[in-house]
Amino acid sequence: MSGASLRQRFHDIALEGRAALIVYLTQGDPAPEASVDLLVSMAESGADVIELGVPFSDPSADGVVIQQAMQRALDAGGGLSSALATVRNFRDRGFTTPIVLFGYYNPIFVRGVERFAAEAVEAGVDALLTVDVPIDELTELYEPLSKVGIGVVPLVAPTSTPERIAKVASFDPAFVYYVSMTGVTGSAFKGASGGAERVRVIQEATGAPVAVGFGIKTGKDASEVASYADGVVVGSALVRRIAAAEGVEQACLSAGELGAELRAAMKR
Amino acid sequence: MSPATQNGRFGIFGGQYVAETLMPAVEELRCAWEKLDGDEEFHRDLNALLDEYVGRPSRLTLASRLSEALGAKIYLKREDLNHTGAHKINNCLGQALLAKRMGKKRLIAETGAGQHGVATATVAALLQMPCRIYMGAEDVQRQALNVFRMKLLGAEVEPVYAGSNTLKDAMNEALRDWVTNVEDTYYLIGSVAGPHPYPEMVREFQAVIGKETREQILEKEGRLPDALVACVGGGSNAAGMFAPFEADSDVRFFGVEASGDGIDTDRHAATLTKGRVGVLHGSKSYLLCSDEGQITEAHSISAGLDYPGVGPEHSYWKDSGRATYLHRCDAEALDGLEMLARHEGIICALETAHAVAGLAEVVDVIGAGAIVVLCLSGRGDKDMMTVASARGVEL
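Chain order of the listed sequences is D and R.
Counting from 140, one number per residue, gives the positions in the first sequence under this note's numbering.
Counting from 72, one number per residue, gives the positions in the second sequence under this note's numbering.
Chain R with its partners taken away, still in its complex shape (with noise of 0.2 angstroms):
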């Protein structure tokens, strides 16, 4: 586990910036997750359907012919092949199981992409418990597949119509809710953003991906890797695959950020490289906002990466050279998904093509003939629309 946080915080960042309505049930939820610690059962549970019904531990691939292209051992974590096609249900099903302990009645989650709503419906049916996900009016067009999904998993989709209509919003109006319905509601948060524990929280359950991957490595290579790289949008994949390295020094973490239309315009979701520190949804971390405090809209083709904040723990790696973070723009990402097609015969979700898109300044920093271990998050059926139209394709 990575070193503890201490009242919430990483270095500067992270902390609790909500509403006092919220503050009690926020320490309810921080005194219930300390409390899973010890508690074997709970382990059990969530062990087994990491197991029976996410299909873990995912494959460690190596991928050969994108290896040879790069000069450098370029292995893929398999979060692709997960149930609901992404890393996000790791997430969803251990927060899930501690609402049930929580006696909480009913889910609440935002969305942007749209697969951690599908992974919060599908751990809502699989509980039975009742389940609404909001989710940025845009983003409902932009992604129409997903909310059809949702509505056929049982959840209630409730599209966003303020500010920019995309992610951020829809976390405002999740949080309108839980305020509202804060007795017998749980926030299942899909990042490592938010209020503390849910920084903490959600990157121990995303960590199982780093856990996997070190008995993997280890076991084909008889070594850690030279580095390990992920995209980062809030970056809940990322910190669950850099999370158990953080002591191995020798191993560096690569982040990709999202740089849109190019780093230097102003539509862009590159929040740790362009950004500054600010608050924003429970927690002190860099966001992208005006002189005088106003977010500012992100700009991505990749939904899932379309974020003005990114989790604490990210800034507090920036600030500390832990990890460095890198950003590709819409255009390089769709030719890193191009490439793993075409090399590997794997279509990842566009926000992992931004990672694919940075690996090989990866190894030009690292040197070649490298371990490398890219989080291949999630898998690209969703994109497709999108991939075509930015391709001049008509479906």
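So that you can see chain D by itself, here it is in the shape it has in the complex (with noise of 0.2 angstroms):
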């Protein structure tokens, strides 16, 4: 897999007449073991792509949920080395579902951006997506990313400017990640801003698929995005499950559940 067979993915799901269903998991939450497990559940419900959080200690850009998720994936002994092992594990244990590392810089910064693409090509990463580096400070990461097959997912933001979004086609991105509204993660979903619109105008300034998250919780969110968007992205609400589960088993059977949910409901 790479960022070139991710946005393949996207067209294969298109055909299919359907969005993708996208999930955020935060990495070593409740703990590094339990990821490999929380994977192969979200795999095995029906998710198409799979965020997987690396945890930092500073997310200024997570509401309270992820926050805390960080903190106990942090405490249990998460990061960056420990995600590319969880996605190495997933990998071995025979799942091909694409992966986009999804996080901070400053964890990729200091190991090295080289070093890190090299890791995660062979951890079996497919993509990447830094909540703080914005299109303006990309080419750091994109090229020594795209070097090795692996792509970006560049953001946009209710607030991004024509000028800003048609920026975003140079980094041939895997597919485009539409914050749905200005606000942390896991605020009160209030329906994507200019929704059908907006998603349209970035489908046709970067050509590429346009995935719509922040505040998705319910069926009824995900179908309502599902209607005009190329993929849904559901995190803080799968993570709360997790943190409200009694186990690992507990945490995979309902998250599962909530990923085969979202899934049936995306349906056209």
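Just so you know, the hints here were simulated from the structure itself, not pulled from any lab data.
Please note: incorrect hints may appear among the correct ones.
[As the list claims (entries may be wrong)] Below, a list of computed lysine to any residue pairs in the SDA-like style, where the Cα atoms sit at most 25 angstroms apart:
| hint | chain 1 | residue 1 | chain 2 | residue 2 |
| --- | --- | --- | --- | --- |
| 1 | D | K356 | R | K171 |
| 2 | R | K282 | R | E98 |
| 3 | D | K359 | D | V340 |
| 4 | R | K106 | D | G251 |
| 5 | D | K306 | R | L117 |
| 6 | D | K306 | R | K171 |
| 7 | R | K171 | R | T251 |
| 8 | R | K345 | D | K306 |
| 9 | R | K345 | R | Q365 |
| 10 | R | K345 | D | G251 |
| 11 | R | K106 | D | E302 |
| 12 | D | K306 | R | C102 |
| 13 | R | K171 | R | L131 |
| 14 | D | K306 | R | A103 |
| 15 | D | K359 | R | T251 |
| 16 | D | K306 | R | L131 |
| 17 | D | K286 | R | K106 |
| 18 | R | K171 | D | T300 |
| 19 | R | K106 | D | K356 |
| 20 | R | K176 | D | P297 |
| 21 | R | K345 | D | T300 |
| 22 | D | K306 | R | E99 |
| 23 | R | K176 | D | G251 |
| 24 | R | K176 | D | R250 |
Can you join these two chains into the complex? Each is in its own frame, and there are hints to help.
Next up, the structure:
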């Protein structure tokens, strides 16, 4: 897999006449060993793409649900090295579901972007999304990553200007993540601002599939967004279920249940 | 003005590492900031407030007894005499006036020791803008007096329970507020940190310190000083003091960081001395973090220096050799505070006390008889409980 095949995956899903279900999990929450099982349960429940959050000490774009998940993960030994191991183990178990590492820049920068790129390919990562690297600074990641075939996933926000959206195309993105509202992760869903129209503009300007995230919690929210977007991202709602579960087995069951419910709701 | 930065970079440092949602706001701010350059009305308004409200220019006081004790001619740039008791107000007035011009309705800020929070709450009251201050829960405990001052000025103080419950976490929370309320909210950053244009803009609003010093020392001594000394947490008082002298290569810069329990312990805030290059809160700079890239907690007796990052221009000055960075531990800072009190009758802030404690080493390096200006960045009233408790005194 790679950034290019992730893009192909979106294409295939579109041919099936539906939107992709993209789920977010924080690696290492509740423990690094549990993360592989959680990835498996999400893959088996119908997730098309998995965003694996890399725990960071200072998650300034995340709401309280993911902040707390990251803190639990860090306490349990999660982090970038551990996240790469999680992906490797998931691949070793034979799963091909595309994986996007999702996180903040500092752990990658400190590791060295080129070293990270080599290790990420080897582990089986398909693409990278860094919330604190806007397109203005993205070249320093895009160049080393594209050399090894790892894609980048740029963010577009309700506040992004047409000029900024147009620049996204130059990064040949695997897909574009449209943040459906101004705010942090896990806020209340008020309907994606601009909704369908906004997504169409981004699709046209970037030529890439557009996934919509931030605040989508239920099958109803997902089905609404799936009617116009190429992908629907659900994160905090899953993380909350994992936090509420007693033990890893129950967490897998509960997260898998929500995954299946979302997937069913998105059928066209 | 210090050499212009290229796309907000100081060499490899700086940049704009923020969420896409904030980028248009950061760009809007950059444009508004760049437009101020030729805006006479803005500068007239700001200068009038600095004069009438803050009480500028601040004095440059010869510290005779201290000079005698250390064997150099030491001057004190008296930012402690400003309204609100520290240099922070210079930057707050500049940014709040800019926020008004931009049509923003609401101010938010982070604070560590509470000095920047108090200064922000003060200008918010002056300009009649609603204001919310984020402050780490631990700092709320340590700086109860400043919390009370902020509330008295009409600000909301929001304690932050996350991470280490200190300044960096307050900054994270302020960023979360900004990203949520980006349309009408102005984020008033208190140091030369954050994404471009903040490091450059805060330095320029604080450069009034260095510009006045330059005029005052020329008047008193007929020449420029041999060295400038200032404490460095984020580094705004140091940057404001140093920048106007950047082209004067004979004027040496000394920044003094806080080494907490000791530079060889893991409880310190000496980012430039012991840190590595990374990305936090919008810019690339030195910071304290683990091999895995997780930010580590900083420690200092002074809440204002208790930050695991530093302004990107200081990182640039360190690597280029333009400035030298020393460090002083908690115990040395307490001694520095007492030394200044006993010799000159001035009780400085614990932040400033680190710079005072670094003076002897500066004189050692540049030689006896030199002229040295110390930026006396703030007064010590806010720290009396901390100092008393460190000295085993119950108040």
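Q.
Check the structure against each numbered hint from earlier and tell me which ones fail, lowest number first.
A. 1, 2, 4, 5, 6, 8, 13, 16, 17, 19, 21, 23, 24
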